[in-house]
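Same order as they appear, the protein sequences are chains A and B. Numbering-wise (the UniProt record's numbering), the first sequence opens with residue 1 and increments by one. Numbering-wise (the UniProt record's numbering), the second sequence opens with residue 1 and increments by one.
Please keep in mind that the hints were generated in silico from the structure rather than gathered at the bench. Hints may contain errors.
Identical chains share a label here; the pair holds if one copy fits it or two copies do between them.
In silico SDA-like cross-links for lysine to any residue, where the CA-CA straight-line distance does not exceed 20 Å [said to hold, decoys possible]: (1) LYS157 <-> PRO227; (2) LYS328 <-> SER282; (3) LYS212 <-> PRO103; (4) LYS505 <-> TRP373; (5) LYS235 <-> SER335; (6) LYS235 <-> MET336; (7) LYS73 <-> PRO227; (8) LYS235 <-> PHE174; (9) LYS328 <-> HIS285; (10) LYS150 <-> PRO227; (11) LYS394 <-> PRO481; (12) LYS235 <-> GLU166; (13) LYS235 <-> VAL260; (14) LYS212 <-> GLU166; (15) LYS135 <-> SER270; (16) LYS272 <-> GLY170; (17) LYS394 <-> ALA406; (18) LYS135 <-> GLU262.
Number of protein chains: 2
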Amino acid sequence: MNFLMKIYLLSLLYHDLLIFQITWLQVKSQRSKVHRIRENYWLSSGGLIAHADSPSEGGKSIFELNQKVPQKKKVVVLGTGWAGTSFLKDLDISSYDVQVVSPRNYFAFTPLLPSVTCGTVEARSIVEPVRNIIKKRNGEINFWEAECLKIDQANRKIFCRSIIDENLAGNNEFSLQYDYLIIAIGAQVNTFNTSGVLEHCHFLKEVEDAQKIRRTVIDCFEKAVLPGLTEEERKTNLHFVVVGGGPTGIEFAAELHDFVHEDLVNIYPSVKDLVNITVIQSGDHILNSFDERISSFAERKFQRDGIQVLTGHRVVSVSDRLINMKNKTTGNDDSMPHGMVVWSTGVGTHPVVKDFMEQVGQGNRRVLATDEWLRVKGCENVYALGDCATVDQKKIMEDISEIFKAADKDNSGTLTIEEFQDVIEDVIIRYPQVELYLNSKHLFDVADLLRDTDGNDRLEVDIEGFKLALSHVDTQMKSLPATAQVAAQQGAYLSRCFNIWDKCKDNPEGPRKFRSGGRHEFRPFRYRHLGQFAPLGGEQAAAELPGDWVSMGHSTQWLWYSVYASKQVSWRTRFLVIGDWSRRYIFGRDSSRI
Amino acid sequence: MNFLMKIYLLSLLYHDLLIFQITWLQVKSQRSKVHRIRENYWLSSGGLIAHADSPSEGGKSIFELNQKVPQKKKVVVLGTGWAGTSFLKDLDISSYDVQVVSPRNYFAFTPLLPSVTCGTVEARSIVEPVRNIIKKRNGEINFWEAECLKIDQANRKIFCRSIIDENLAGNNEFSLQYDYLIIAIGAQVNTFNTSGVLEHCHFLKEVEDAQKIRRTVIDCFEKAVLPGLTEEERKTNLHFVVVGGGPTGIEFAAELHDFVHEDLVNIYPSVKDLVNITVIQSGDHILNSFDERISSFAERKFQRDGIQVLTGHRVVSVSDRLINMKNKTTGNDDSMPHGMVVWSTGVGTHPVVKDFMEQVGQGNRRVLATDEWLRVKGCENVYALGDCATVDQKKIMEDISEIFKAADKDNSGTLTIEEFQDVIEDVIIRYPQVELYLNSKHLFDVADLLRDTDGNDRLEVDIEGFKLALSHVDTQMKSLPATAQVAAQQGAYLSRCFNIWDKCKDNPEGPRKFRSGGRHEFRPFRYRHLGQFAPLGGEQAAAELPGDWVSMGHSTQWLWYSVYASKQVSWRTRFLVIGDWSRRYIFGRDSSRI
Numbered sequence: 001m002n003f004l005m006k007i008y009l010l011s012l013l014y015h016d017l018l019i020f021q022i023t024w025l026q027v028k029s030q031r032s033k034v035h036r037i038r039e040n041y042w043l044s045s046g047g048l049i050a051h052a053d054s055p056s057e058g059g060k061s062i063f064e065l066n067q068k069v070p071q072k073k074k075v076v077v078l079g080t081g082w083a084g085t086s087f088l089k090d091l092d093i094s095s096y097d098v099q100v101v102s103p104r105n106y107f108a109f110t111p112l113l114p115s116v117t118c119g120t121v122e123a124r125s126i127v128e129p130v131r132n133i134i135k136k137r138n139g140e141i142n143f144w145e146a147e148c149l150k151i152d153q154a155n156r157k158i159f160c161r162s163i164i165d166e167n168l169a170g171n172n173e174f175s176l177q178y179d180y181l182i183i184a185i186g187a188q189v190n191t192f193n194t195s196g197v198l199e200h201c202h203f204l205k206e207v208e209d210a211q212k213i214r215r216t217v218i219d220c221f222e223k224a225v226l227p228g229l230t231e232e233e234r235k236t237n238l239h240f241v242v243v244g245g246g247p248t249g250i251e252f253a254a255e256l257h258d259f260v261h262e263d264l265v266n267i268y269p270s271v272k273d274l275v276n277i278t279v280i281q282s283g284d285h286i287l288n289s290f291d292e293r294i295s296s297f298a299e300r301k302f303q304r305d306g307i308q309v310l311t312g313h314r315v316v317s318v319s320d321r322l323i324n325m326k327n328k329t330t331g332n333d334d335s336m337p338h339g340m341v342v343w344s345t346g347v348g349t350h351p352v353v354k355d356f357m358e359q360v361g362q363g364n365r366r367v368l369a370t371d372e373w374l375r376v377k378g379c380e381n382v383y384a385l386g387d388c389a390t391v392d393q394k395k396i397m398e399d400i401s402e403i404f405k406a407a408d409k410d411n412s413g414t415l416t417i418e419e420f421q422d423v424i425e426d427v428i429i430r431y432p433q434v435e436l437y438l439n440s441k442h443l444f445d446v447a448d449l450l451r452d453t454d455g456n457d458r459l460e461v462d463i464e465g466f467k468l469a470l471s472h473v474d475t476q477m478k479s480l481p482a483t484a485q486v487a488a489q490q491g492a493y494l495s496r497c498f499n500i501w502d503k504c505k506d507n508p509e510g511p512r513k514f515r516s517g518g519r520h521e522f523r524p525f526r527y528r529h530l531g532q533f534a535p536l537g538g539e540q541a542a543a544e545l546p547g548d549w550v551s552m553g554h555s556t557q558w559l560w561y562s563v564y565a566s567k568q569v570s571w572r573t574r575f576l577v578i579g580d581w582s583r584r585y586i587f588g589r590d591s592s593r594i
Numbered sequence: 001m002n003f004l005m006k007i008y009l010l011s012l013l014y015h016d017l018l019i020f021q022i023t024w025l026q027v028k029s030q031r032s033k034v035h036r037i038r039e040n041y042w043l044s045s046g047g048l049i050a051h052a053d054s055p056s057e058g059g060k061s062i063f064e065l066n067q068k069v070p071q072k073k074k075v076v077v078l079g080t081g082w083a084g085t086s087f088l089k090d091l092d093i094s095s096y097d098v099q100v101v102s103p104r105n106y107f108a109f110t111p112l113l114p115s116v117t118c119g120t121v122e123a124r125s126i127v128e129p130v131r132n133i134i135k136k137r138n139g140e141i142n143f144w145e146a147e148c149l150k151i152d153q154a155n156r157k158i159f160c161r162s163i164i165d166e167n168l169a170g171n172n173e174f175s176l177q178y179d180y181l182i183i184a185i186g187a188q189v190n191t192f193n194t195s196g197v198l199e200h201c202h203f204l205k206e207v208e209d210a211q212k213i214r215r216t217v218i219d220c221f222e223k224a225v226l227p228g229l230t231e232e233e234r235k236t237n238l239h240f241v242v243v244g245g246g247p248t249g250i251e252f253a254a255e256l257h258d259f260v261h262e263d264l265v266n267i268y269p270s271v272k273d274l275v276n277i278t279v280i281q282s283g284d285h286i287l288n289s290f291d292e293r294i295s296s297f298a299e300r301k302f303q304r305d306g307i308q309v310l311t312g313h314r315v316v317s318v319s320d321r322l323i324n325m326k327n328k329t330t331g332n333d334d335s336m337p338h339g340m341v342v343w344s345t346g347v348g349t350h351p352v353v354k355d356f357m358e359q360v361g362q363g364n365r366r367v368l369a370t371d372e373w374l375r376v377k378g379c380e381n382v383y384a385l386g387d388c389a390t391v392d393q394k395k396i397m398e399d400i401s402e403i404f405k406a407a408d409k410d411n412s413g414t415l416t417i418e419e420f421q422d423v424i425e426d427v428i429i430r431y432p433q434v435e436l437y438l439n440s441k442h443l444f445d446v447a448d449l450l451r452d453t454d455g456n457d458r459l460e461v462d463i464e465g466f467k468l469a470l471s472h473v474d475t476q477m478k479s480l481p482a483t484a485q486v487a488a489q490q491g492a493y494l495s496r497c498f499n500i501w502d503k504c505k506d507n508p509e510g511p512r513k514f515r516s517g518g519r520h521e522f523r524p525f526r527y528r529h530l531g532q533f534a535p536l537g538g539e540q541a542a543a544e545l546p547g548d549w550v551s552m553g554h555s556t557q558w559l560w561y562s563v564y565a566s567k568q569v570s571w572r573t574r575f576l577v578i579g580d581w582s583r584r585y586i587f588g589r590d591s592s593r594i
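Model the full structure from these sequences, guided by the hints.
Next comes the structure, spelled out in structure tokens:
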């Protein structure tokens, strides 16, 4: 196709899809009361980028008039990933003294990391300096490029060390005092203690990882074409193995396939038939967190592309030349020579978080447990969000008697529909699994819950009937996935809580406390799933969209371009990412080893 | 200024300047016979990019008809810098079997390296894969990403090792046989054996060096703002020292000044007054290879910008915190604390070249000596070009008697003007210093050389008069600078020689051999200086243009943009470099530490 034509199409399609996406986000049906509650509830939060409210400056003038400025509370934030940045972006710092500690002085748009591995997008196009993000706050947020070594919960102190060891004038260790600590430190790679993984595998968590993978892919081709190698040796050097069939691993495999077949075969023609890509997945299907239509679409696409998918295999060890597996069905051992292995399975705990978990009595857990307000269980004034934490949702059955008692205003021992409807709004906010249960049963009204086993409406239920009606609700509880979307929503949620803290002390906005009476100060965090993409290469993608929609193919890839461009953290990165896509479209990907 | 306005101006100015440059290159006066000779002589060479002739394919059909294909000569090229790439770009490979060995699988546009150090231009924008450059040859040029460890001149063999040590299936060492060897390996950093330089200084020779400098500059700011440092410690961390006042060092200092004052002060406001940049120069002036008007313009500009220039100082040692110098005038020792040192002085010899020099009896030299045809002295079939070599120009006084004898056709013992004019064309080609001498004396005709001491025309001279007339000519001999321009011209020259080899065997095109009779097969290499730029920051530059023109200021910076954009090796890099400049103009430079 003609170059100019390509550029024209690119701009045209991108423009159309952006408009489509905006329209699609705006046109949302609100079908029932339950849905309306949900919509209202989320109206003021929103993602990292969508949120455009300026922080309230109300408190400032009072301080100025008062002269006697009250000591601002010290907030220390650990981490500048999705959670931390999202928290900082919306925080009203007129009432807090904020300090941020992170070994990375930039925010990285991690969903584009697989694109960086093959040069579809440049590393610099997906990062934005934290100081740029926070500088709108007039420098009142301090950022330190350092690693947190230890959290001392008893003394409300953290100990840090600059990541620059060499040639630093002055002491590179320091400590910070906090009133509130926000742990948004993310997770690290989980090797499941598989031997040889740390030494011989690549990972895909940091920008540097992606850059290293890019160099290594080129290395594999350069070593495969060296003079004097046997064909078998060339094949080994060009065998790329991806361990883990989740979205990151699959996207990397797809990107690599495109890179090889669109660009590298042209400049390494002598070895173009020797390249192999293998995905090893311990489960029965790749992309098993997705709808099964997407999973099988991806498997068929990979089969057509010649990407080998090895399901039901568990990796037992990795050496510099071999990857050893166990077939989970037959129990047989198997091994393959490889040129490069990318390890992309699960998340592990950061040592500093592990140590902190022991201090707060969570030593036997994998991630920090928080309540629904993102407060770390077992200690005060410490919040945890993003990949290093998980929300421990309270079961409704634990509080069922208290809910019944609170609802049964006339102490009649039975609950009428009216009495139930009086508390249901608070119940739905406090126990989001109720709403999930209603949706899963296709019930549009909470009154439907109280129907008898034959499906007939009942006018009232006793405590046993009430327990029975809600007995399956807790099965809908799901732990949140370790995704950017969850982290960003948690950050935005928490900053909102901090911003309205004073107001909510007097006028709590949260649901009723069924057990102790009164109301919670804030509404609990609730995750809104906006959908999930899986780019599959060859300008095709699959997507799970809200409302159980599934979309696959070329148009979904364009939707992906559109969504990812619009979600960029700044106009600079948006401009760069779109520029990179166009550059790739016109000139292909660069294969220089830098 | 409005953003859109900026973009508009950018495109407008760039367009205008490109046209101006093209016109300027086309309009060249040819004032005298001497100048005409020079022009004709250079008509078919040209720079790396300008040359667009397709290689002749004449030989091929003969081979095909003949069936008995003669063995192609094996040409091995070491290096993919300016010299190597320029040689490969124009080589007609129908008669050669070409193999290229280099540890870098890309060509880097090194004059833009200082821009990469501060993110004005991205590293990837200035590199082009070697395989892309040579693939038009249908893969008949083989490239190996490896380092040459040893040249075995006696057996016409080189020994190489892949730069990838780890995880390579197969042997990573190999050897290659050559009929002709082209050494275009470049030079390495010259520390002049100053202690601590290798350990504690940054260099600016490779793309990786520039990337490392970029990270370190950000590190210096990050360490300077850490809590708990004294002001003195912050100042030390922000003291940037450049050793060497040549074009590279000066351009880096200027780039750094712009980066600090245009971008970094905005995001590190607390330390903006603590930044210092110092240039240490052993000579009396910076940019002392340039016209002194440029040198003093640069010094004044640096003084206004607050960049400290320390002339007449020699660095004696560098430690992790201090740089120790000797004042060459007073003899006093002096030292300064530093946050970062960039060492940018002179070029040193690559170990493999050093070893080879010992094999060919040049062990006591600094760089490989070649004759005027770029053939390494002391051995056969080995050529050296670029920074690792220097052309040992023959002195005219060594051959003066032979020239006289050859010119004196009637053996009269005296030379008439006509006899002299008969040989002068060959003399000028063989001894380019004659032309330089004529230019320096503002003589437009060679006959003027033979005038007597009072300036009167003479009809004939004897051998003593002839010697006297040419006695000062050799003072004009200059060794060629170690620049990209020289290397590129040498590569283009040598490929032309290789391309016309068969033709010139029968019909030599070179000048007369005054000593042994007959003619040289090829014309000797002659360097054509096209000018030199020194960007000085703040959108100002200085330039030496052909014909002793000097240009300074903002318009020169635009000329610089124009020339550097047009000189890019591919449309891809041209597009990227211009994109980077525009991006910097609109969004500033990125300060993420990646």
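Quick check: which numbered hints come out false for this structure?
-> Violated hints: none; all satisfied.
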